[in-house]
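A.B. asks: Listed below, chain by chain, are the residues.
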Amino acid sequence: MTRDPQFMTCQEFQEQMAELIGSGEDVNNHPHLRMCATCRALLADLQTIADAARELLPVEPPAEDLWQRIELAIQKEDSSLDPG
Amino acid sequence: MPRSQAAKIPPSSPTAAEQTAVEETPPVQTVPPPPAVAEVLALAQAGDHYAFAQIYSLHKRRVYSLCLRMVGNPSEAEDLTQEAFLQLHRKIATFRGDSAFSTWLHRLSINVVLMHLRKKGLPLTSLDEAMEPTHEDGPGRSFGAPDLALTGSIDRLALERAMSDLPAGYRLIFILHDVEGYEHNEIAAMLECSVGNSKSQLHKARLKLRAALRTAIQKGEPS
Ligand SMILES: [Zn+2]
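Heads up: the protein sequence lines correspond to chains A and B, in order.
Start counting the first sequence at 40; every next residue gets the next number (the working numbering).
Start counting the second sequence at 31; every next residue gets the next number (the working numbering).
Simulated from the structure, these hints should not be mistaken for laboratory data.
Don't take each hint at face value.
Here are some chain A residues the structure puts well away from chain B; computed CB gaps all over 10 Å [unchecked claim]: (1) N68; (2) S118; (3) S119.
Negatives, chain A to chain B, calculated, CB over 12 Å [stated by the list, open to error]: (4) P70; (5) R93; (6) W106.
Capping the alpha-carbon separation at 25 Å, the derived lysine-lysine pairs in DSS-like fashion look like this [said to hold, decoys possible]: (7) K121(B) - K115(A); (8) K115(A) - K249(B); (9) K149(B) - K121(B).
C-beta atoms are modelled at their ideal positions from N, C-alpha and C, and glycine is treated no differently.
This is chain A alone, in the form it adopts within the complex (with noise of 0.2 Å):
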């Protein structure tokens, strides 16, 4: 069932990824990726993919409004666990 990794095509090696992946394996270390640069090429792809989420800071703050309706939030409920 399993073929012998060294022979796997792109397309098996890129098909079962996800999988070897879930499995906790280092695809890094895959034997197939020694001798292709296509597949060595998509996992660098992959990393400067993530490498870029780690540098994505906040976006623009929420509306100024936002905190007046909080603080009414606040008010109500403070209001409502102290009557009177």
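Please arrange chain B with the ligand on chain A, whose structure you already have, making use of the hints.
C.D. replies: Just chain B with the ligand now, with coordinates in the frame of chain A:
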């Protein structure tokens, strides 16, 4: 603890976002100079309303960003930010300082978003779908020459756009792991899935993003 925080920030110093936030206009008028963050936190825990407003100022951008990225809709994200700070107001006295406050608030906010998504009946992890290998080029062409369309840097806006187009389950895992820096075991606990599932879904999310980013590059979309 989120890796991005652990790696970049010494435990006692405020985050870059917090430092920026200190300079924002606080939501209350007649403002004294901001006391140390720890002192503000202690005051807020004791029920000081002004201190709580300061906490909001310090953390609103980060909490809102998290909500916005996770749900992809500004008004929904504001509702969730409101709910997160309401819950914070209820629970702040119980914060014991055994983790960083920002980490604690962040985790509380994630729980608010996840609860909201569960209520909406959205699956928090994507159903497995067959991923075609580098399907965007068709199998014939892509298995030949190396194809390094994404070498170098990735445009931030293009990445944000591609993230917002991801199916919800992939988006959650990608944001929690790659943007926010949570580990797979933490994500698996939050999303009630296996660690292996978290890992393989993250891989698929990155593949989908790669396809979207390459399409954007090929179309020459302005970045
Ligand atoms: Zn290959």
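A.B. asks: Hint numbers the structure violates, sorted upward?
C.D. replies: 5, 6, 8
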